[in-house]
Amino acid sequence: MTATDAAPPTAADRAALALQAARRTRRNFLADGALAAATGAALLIVLAILAMILFDIVRNGTPHLSWTFLSKPPSEGMTAGGIFPAIVGMVEMVVLMTLAGVPIGVATAIYLHEYASPVSPLTRAIRIAVANLAGVPSIVFGLFGLGFFVQFIGAGIDKAFFHGDKVFGQPALIWAALTMAVLTLPVVIVATEEALRAVPQELREASLALGATKFQTVFNVVVPQASTGILTGTILAVSRGAGEVAPILFTGAAYFLPLLPKNLSSQFMSPSYHVYVLSTQSPDVDATKPILYATVLVLLALTFTLNIAAVVVRARMRRRAGVAT
Amino acid sequence: MQAVTTSEGATPTGKSQPARISAPISTDGASSQALERQKRRSSMRVSVPPAQPPRLKLSKAPFWHRAAEWLLHALAISAIVAIVLILVFTAKEAAPLFYSKLVREEVTLAKMWIPQLWPGYDESASVWQPVSEIPKFGVWPLILGTIKVTLVAMAVSVPLGVGAAVYVSQYAGPRTREIVKPVVELLAGIPSVVLGFFALMVMATWFQDAFHLESRLNALVSGVALSFAVIPVIFTLAEEALRAVPRSYVEASTALGAARWQTIGRVILPAASPGIAAGVALGLGRAVGETMIVLMASGNAAIVSASLADSTRTIAATIAAELAEVVFGGAHYTVLFFLGTLLFLVTFGINTAGDYAIRRMKRRLGSAT
Numbered sequence: 001m002t003a004t005d006a007a008p009p010t011a012a013d014r015a016a017l018a019l020q021a022a023r024r025t026r027r028n029f030l031a032d033g034a035l036a037a038a039t040g041a042a043l044l045i046v047l048a049i050l051a052m053i054l055f056d057i058v059r060n061g062t063p064h065l066s067w068t069f070l071s072k073p074p075s076e077g078m079t080a081g082g083i084f085p086a087i088v089g090m091v092e093m094v095v096l097m098t099l100a101g102v103p104i105g106v107a108t109a110i111y112l113h114e115y116a117s118p119v120s121p122l123t124r125a126i127r128i129a130v131a132n133l134a135g136v137p138s139i140v141f142g143l144f145g146l147g148f149f150v151q152f153i154g155a156g157i158d159k160a161f162f163h164g165d166k167v168f169g170q171p172a173l174i175w176a177a178l179t180m181a182v183l184t185l186p187v188v189i190v191a192t193e194e195a196l197r198a199v200p201q202e203l204r205e206a207s208l209a210l211g212a213t214k215f216q217t218v219f220n221v222v223v224p225q226a227s228t229g230i231l232t233g234t235i236l237a238v239s240r241g242a243g244e245v246a247p248i249l250f251t252g253a254a255y256f257l258p259l260l261p262k263n264l265s266s267q268f269m270s271p272s273y274h275v276y277v278l279s280t281q282s283p284d285v286d287a288t289k290p291i292l293y294a295t296v297l298v299l300l301a302l303t304f305t306l307n308i309a310a311v312v313v314r315a316r317m318r319r320r321a322g323v324a325t
Numbered sequence: 001m002q003a004v005t006t007s008e009g010a011t012p013t014g015k016s017q018p019a020r021i022s023a024p025i026s027t028d029g030a031s032s033q034a035l036e037r038q039k040r041r042s043s044m045r046v047s048v049p050p051a052q053p054p055r056l057k058l059s060k061a062p063f064w065h066r067a068a069e070w071l072l073h074a075l076a077i078s079a080i081v082a083i084v085l086i087l088v089f090t091a092k093e094a095a096p097l098f099y100s101k102l103v104r105e106e107v108t109l110a111k112m113w114i115p116q117l118w119p120g121y122d123e124s125a126s127v128w129q130p131v132s133e134i135p136k137f138g139v140w141p142l143i144l145g146t147i148k149v150t151l152v153a154m155a156v157s158v159p160l161g162v163g164a165a166v167y168v169s170q171y172a173g174p175r176t177r178e179i180v181k182p183v184v185e186l187l188a189g190i191p192s193v194v195l196g197f198f199a200l201m202v203m204a205t206w207f208q209d210a211f212h213l214e215s216r217l218n219a220l221v222s223g224v225a226l227s228f229a230v231i232p233v234i235f236t237l238a239e240e241a242l243r244a245v246p247r248s249y250v251e252a253s254t255a256l257g258a259a260r261w262q263t264i265g266r267v268i269l270p271a272a273s274p275g276i277a278a279g280v281a282l283g284l285g286r287a288v289g290e291t292m293i294v295l296m297a298s299g300n301a302a303i304v305s306a307s308l309a310d311s312t313r314t315i316a317a318t319i320a321a322e323l324a325e326v327v328f329g330g331a332h333y334t335v336l337f338f339l340g341t342l343l344f345l346v347t348f349g350i351n352t353a354g355d356y357a358i359r360r361m362k363r364r365l366g367s368a369t
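Residue numbers (our numbering), protein chains in the order written: chain B, 1 to 325; chain X, 1 to 369.
Hints in this document: simulated from the structure, not taken from any laboratory. Be aware that a few hints might be false.
As the list claims (entries may be wrong) - Below, computed lysine-lysine pairings styled on DSSO-like, alpha-carbon distance capped at 27 Å: (1) 362(X) to 181(X); (2) 262(B) to 159(B); (3) 166(B) to 111(X); (4) 101(X) to 111(X); (5) 159(B) to 92(X); (6) 72(B) to 166(B).
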């Protein structure tokens, strides 16, 4: 107080202050610009990576893509023909995976969101397990599939029903599908729970007030409302399952099979595994390159279509939830 | 005294208690008139039956409803069962390493972890040559390879992921965000085998031409390709964390005269740091365990070297490449399952730490608002 009162700022002081302020403003302006530019550049690089991958694969993949490619088996040592058996194998594996995994995932999500107390130790344990299951490396799922499904369950079935003949105790379609079902479990659980969370609480209260039991409320009111979310989870799980290779390496995928898989204990071909083997173990890379690119394009188109479908379905669900509340 | 009991029954609430107590007292010392009135009132009230909470007769839920609910409870622990089974059955196949004589003739824990003096070598070394005449299971080349590739991947993906998240959450408009977020999710949706293929076919050539590298497939190429899989993980979690910072923080900082970059650097980023750390941790878990990209793009030579230009072999890629050709139950098979168990435990630790960070973030911001 006293200092400033005693000596009013001279013109020079004021000029110095103004200069300082101007400098600070300029420095802030520059720093702001630099930060925005740097972070914006990071975003652009990320988007450019995606564009680069898409561009390369679409450009090199389309020339060889044709109806024959999709409907004919490979021929002449993988240098000609198509990937029809691989597509069939993948579809069969994914269907089995969905049948086995989605009901369990949906049940877990319903239990977590509708029945369980959010603070009980069991609920917390389930949540930790789900979070960790999502982070288990895919190759460990491969080991698990081999150790549990093939060696333990499969060999057990053989011992009990086939007098020790190797029927199920070896890599097979069903074991690959079940391994993949475990891998995609967290995807289904997270998506379903998000959908259940979006169902307005009033709907549950109204149903209970009308005298419906908890079970009727959950299955006749809440779950139908959340069905789009369950669909999203299924789509994402299918997309993940179609693209993963490591879990099926030792549990059922085969490089080349003359016949389509006939039953659950057959091995199967898959486009993702096909890409891996063709690109790493082909004796003549140049001869297989067009086929390889076309296979990658098919795989990428499939997963992208599924992912975009999931995004659209989810966006629609969120919009509806926003209107309802 | 009927009156008292009735009124007791009729007004069980605490508020009327003084009146109830006063009733008998007034009867004792009051005139007959008052007593009469009291009696009349009581006779009027006697007809009212004592009120009790209505007893509804609920019919029991049908048996199959209850059965279905029990099934639901049973299925809900599937995730826990899965985690336990994964650990048990990978560890079970690795266990002979500790007791099987046949396996221990070829390999023991000490031989895996301590550099050995192998015939033909000048000094003791940790060597991974599981199919040579004398099988050598030194794990250090694989562990160092994993660390090397992971470091490259994190060095690329952390700045890009967090930077893009800062831009999208702080500078971009809502419309940009609506477009960018699903696009980054698409990047996350690219199968890792496709990323590995792209690294093998395209990026390896680019890097070789740009840096004049000796080996086409090396730690640098596989690390950068791996970062493409990690970026979406970091971006998504960091963006959510940054956007969850309460507006009041920003307003307070701006009101104190802080410039935008100061607000972002000293208020928003510290507040969101647990969420960003969680994203980095989950990304790290992904990088350590990712198989196909490194398997296809790293060259798979198990050598100890600090150079990024050298071909490298990681733990996950080793399992994927070798398990198909081993004898079931043999030493090599057991060691590969041991490595798998190790990988599981390491990623489990990293993910648990990340999960803890997310929950701390939620609690911290939850109490702030």
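Against the structure, the hints come out as follows:
1. 362(X) to 181(X): 21 Å, holds
2. 262(B) to 159(B): Cα-Cα ~22 Å, so holds.
3. 166(B) to 111(X): With Cα atoms ~35 Å apart, residue 166(B) and residue 111(X) exceed 27 Å; violated.
4. 101(X) to 111(X): 15 Å, holds
5. 159(B) to 92(X): 20 Å, holds
6. 72(B) to 166(B): 31 Å, violated
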